[in-house]
Each structure stands twice: as C-alpha cells, then as structure tokens.
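Chains as they are written, first to last, in the numbering used here: chain A, 5 to 197; chain B, 209 to 648.
The hints are simulated quantities; they were obtained by calculation from the structure and are not laboratory data.
Backbone N, C-alpha and C define an ideal beta-carbon position, used for all residues, glycine too.
Wrong hints could be hidden among the right ones.
[Claimed, not checked] Here are some, though not all, of the chain A residues that point toward chain B, as calculated from beta-carbon distances under 10 Å:
| # | residue |
| --- | --- |
| 1 | T79 |
| 2 | F161 |
| 3 | T170 |
| 4 | T176 |
Okay, here's what each chain looks like letter by letter:
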Amino acid sequence: MKVPALRCQLLFLFVFSTGQRSGATRAAHREVEFYRSQPKTMEFTPEELELPPCKYEYLDHPADVQLHAWGDNLTECFEQVAVAMYGYMTEIDKVEILDKQEIEVSSDDMQGLLFQFLDECLFVFSAEPFLIARKVVITEFDKEAFTIKATLYGEEFDLAKHPQGTEVKAITYASMQIYDNPGQHELFVIIDI
Amino acid sequence: MFDELRNACRPGMVGGFLPAMKQIANVAALPGIVGRSVGLPDVHSGYGFAIGNMAAFDMDNPKAVVSPGGVGFDINCGVRLLRTNLMENDVKPIKEQLAQSMFDHIPVGVGSKGIIPMTARDLEEALEMGMDWSLREGYIWAEDKEHCEEYGRMAQADPAKVSMRAKKRGLPQLGTLGAGNHYAEIQVVDEIYDKWAASKMGIEEKGQVCVMIHSGSRGFGHQVATDALVAMEKAMKRDGIDTNDRQLACARINSPEGQDYLKSMAAAANFAWVNRSSMTFLSRQAFAKMFQTSPDDLDMHVIYDVSHNIAKIEQHWVEGKLRTLLVHRKGSTRAFPPHHPLIPVDYQLTGQPVLIGGTMGTCSYVLTGTEQGMMETFGSTCHGALQSQHMSTRTVTQHDGTTCTTHLECAIELATSHQAPRRDLSSRLCLPRSLVVAHR
C-alpha cells in the first residue's frame, strides 16, 4: 500500500501525541494545521512538467482567428486547442508551470462542450486567478454525458514577464467543426479577437 | 466582401467561414424585421450578423426578435473624440514624450488592469448609472454627458440581470483601453470641408490637435454577449424560432430572455461609457501634465461619443407611419440628421457628428448625419472597418518610440492571406456628408 510521505508524518505526530484517543476531530484539526503550514509554492512531478508537442495552428479570418487543433484522439484535440487560445494571448514559451487550476464543464452536445470548455479557460485568465496555461490535461472526458474535467498548468499572467499578444474576447460557434473519426481527429473553432 | 463570397463558393472548403453577403441575407430572413437588412460600405464576415450590418425589428410585432449577434461581442464599442486648443506645432517637438505620457496613464493590451480604484459596489453603481457615476466621482465634466449618445446612460440597465461571471471579468478591466483594434490616438486635423459645421464642433482650423479614443466594454460586454447567446439557444428551441444559421441566436423581444438581454446589454453599454469616460479623464491628465496646465485651459471638450455596436429602441418613419423599432447596429454608427430630438442642442442645426475611426496609416473622418441616411438606413452608417490583426507580426508599438509616436494601437500589423491593401475609406463614404478629416 502506497502511503504518501506527508501522511506518514501525520500518523507519526498522532501516535506520539498525548495518547488520548479523542479520534477523528483532533486528527483532522492537526491535519488542517499541518497543511496550512506548508509553503505556497507548488511542486510538480516531472510528468506534469513535461510539455506536449504543438499540434495546433492559427488560420486566417477577416475579423477574427480560427484555431485548428489535431491529435491522436479527441481529448488531445481539446487540450491542444486550449493551449492554442492561450498562445494567441501571449508568447506561450514564456509561460512557466508554477501553478495549476482545475476546471469542470458540461453541456448538451459536443459543440456546446467545446464552447464551454474554452469559455472556462478564458474566464480563468480574465478573472482571478488570471492564470495563463502552458499545458492542459483533461483528466475526465465523458463523450456521452458531455462533461470534461481538466487541469490547467501555468502561472499568473504578469505584464513584466509575459509579452502582450492579442486579446481573446469570446468563443464563437462560427464554423465550428469537430471531427472524431478513425484517422481524423481535429477541430476548428473561431475565437473573437 | 466579394472576395469572401468567391472564396466560400470554392468546392471542398473545410474550415472556412460564412461570407458577409450570406450573413446579411440570413438576417433579412429573421422574424419581425422591418425594411431591409443593410450592409454598410465596410461590411465583412462576423458572428451571425456580418460586421457592418444594420437590421431593425418591429417592437409591436410579438414575433419580432432581438439578437446578441446583431450587437456584437464588444457591446457599445465606440469612438469618442476630444478637441484641444493645441496645434500641430505645439505637439511636434514633444510628441514622443506625449505618447509616453499617454502610455503611462492609460493601461493597454492583454492582461492589463485598471488603475482607477473600483470595488464591486462601485461596479454595480457604474453599471446602473453609466456616465452619471463618472460625473459623481469627478472623472468627467458635466458637459461631456451632453455630447454623448443616450447622454452616456441607458436607463433600462439592470445589473441584477448580469451574471457574476461577467462582473468578475469586468471589474479588473474598467479603465483599460483593451487590445486589438482599440486605440487612443493623438490626431491632427488635415482638411476641413465644412467650416461652419466643424466650428460648431470646436474644430477651428487645420493643424488642430484632437484625441480619438476607440474602446468598448472589454471582457464585461464579451461575457454578457456569450451568456445571452447560451440562454437564447435554449429559448429558440422552446419558442420554435427557426433561423438559417446556428449563430443567429435570438429570442422574442418580449420573452424573458429577450428582455434580460436588453437590460444586461444596457448595463454593458453603461460600462463602456464609463470606460471611455475614464480614459477621457486619463488623457486629459496626460496632456495637462505634459503642457503644465489644466485640461480646462486646453479646452479638452468631448466633441461627441458614438457607439457602433449596440441595439436601440428608436422611432422611425416607415411607409408614412411612425413606428417603434429595435435597431441593431453592429459595426455600424448612428447618424441622425439635423433637428432630430435625440441629438444634443449644440448639433441641432448641423446634424449628429459621426466619428469614423481609420486604421493605422489611413485617416479618420468626422461626418454629419443626413436626411437621406435616415430614410435609407434608419440613420446608420459604417464604423471604419478595422481589419483584424494577423499573427504574422504581433509587435506592440508602445515600446518603440521611433516607428510609432502618435498612436497607441496595439498589435497593429494588418495582413490578410491575400495581402490586400488596407481598405481606404475615402471611396466608400457615400451617405453622410464629408466634414473634417483628421490625419494621423
């Protein structure tokens, strides 16, 4: 059984305490205090820090821009298109992985799901925590219920560090195409700039 | 416009977009439309409606619809022009410093945050009161309101109808210019065609310096539009509204979704007016500091403030009868003629000033509305199509004092895949009378 190192320390503290078995409440309280005392910087596994290849491009449009993303499966397409959007707002190579944010979206159909997913990514940047993601990992993708759970890895947008690109105003359904067939996994979505 | 159509008609197109011509046609098929679906001279493809599209709907027809696509994502994106007492010769020797001063005062670009202190409570009040809030807080002069469409405040605004998401997006961005085709530009009058009308606006002679601010409701408006589109998609299924295009999401004007949208759109419009007012304040400060004087002494009055992404309830003569219409203007500026009750007293004889901002390298124009425009397009004209930015060069000019000294446009390079020259407006302005040309 794999017990994380932190948990071990906690058990250690508990065993060598006053010995009174007041049970769950005291342990929980100690656990909360223990976690609160941890420093704020996040630690990431090498796997989390590894960057995926770039599988997206930007296509011309008179007033906006069309994101085209592809991959080995639909999940990868969604991950790539989110990074494509962030990459339009700044130079993505200047973004480090120092923080992460989990998001969850749902919709009634696949197009709606893509829309909600990108809208949530945009919201995470536009309001607290002002996060720009270098890497997006979808942890759950339910194609029947149309729900997605994902983790965004990146950092808070900093004018001093990140060059200003083009602002993304909104996600649109304009000419949205999602292909999920054997041998063809790609999607097109137009974002309003 | 014809290029778009040509490209779209090529067989085997994957990943393309609907050309403007087809979009104007789709709009003409919407229920409750009165008169024509008009494409203005600078029309190009947009979301649902083309950009540069005007369409009016009958408020008395229960089937008539309201569509967020007909307003645009950047609700109340508009242009404001300020005059000054300065001449080109006063500004020329210090233009780099002046541009820098403007940059220092006005937050601009992706990820920029407003420097005017705002709490959530302030935002609620600003959404409800529009420029009245700016006046109360001391950011504007009382006469600024006079020279603004709707006097800077749409009364039907209801902040309660706006989602928390939109407010969260809007709060940090109030008082920022934005990115893309937004700008705050110091301009010089190049040519005056109608001296009398120009002098009514405070433009006396060639070489006079003006400031043009082009901005909208930032992330707030975008989120309001997005939220409305999602809500209306559901309403369309319920009410059985059929359109030719999924993006033409709309709802009956009298339905809860329609009414909610109009109220939150008005709140977003107020946000944009407060935003432009904040930038007016910051521009005045920048100039005052530079010239060691006060904005009063520089006579930096607002000439006018126009919106080119908005829906308004107006009365128009249709086939001899006065009707109440919901006029959607997307990428289209209102241009009311002389003696119209909704334009300020100062401009009753000249007609409403119409501000058409140019793109980099081309001129901006100040025009006046005409009766003919009123008849043909319900008093609407173009907005000065600003072609989008292409990824090829995302140079931000603010740090490069040599190439760009008199304007603050971000992400400027315009390039399309066809390498077409930037559209010059001079050949396209037909309905309004040409008045003053301001040169960069």
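Which numbered hints does this structure break? 1
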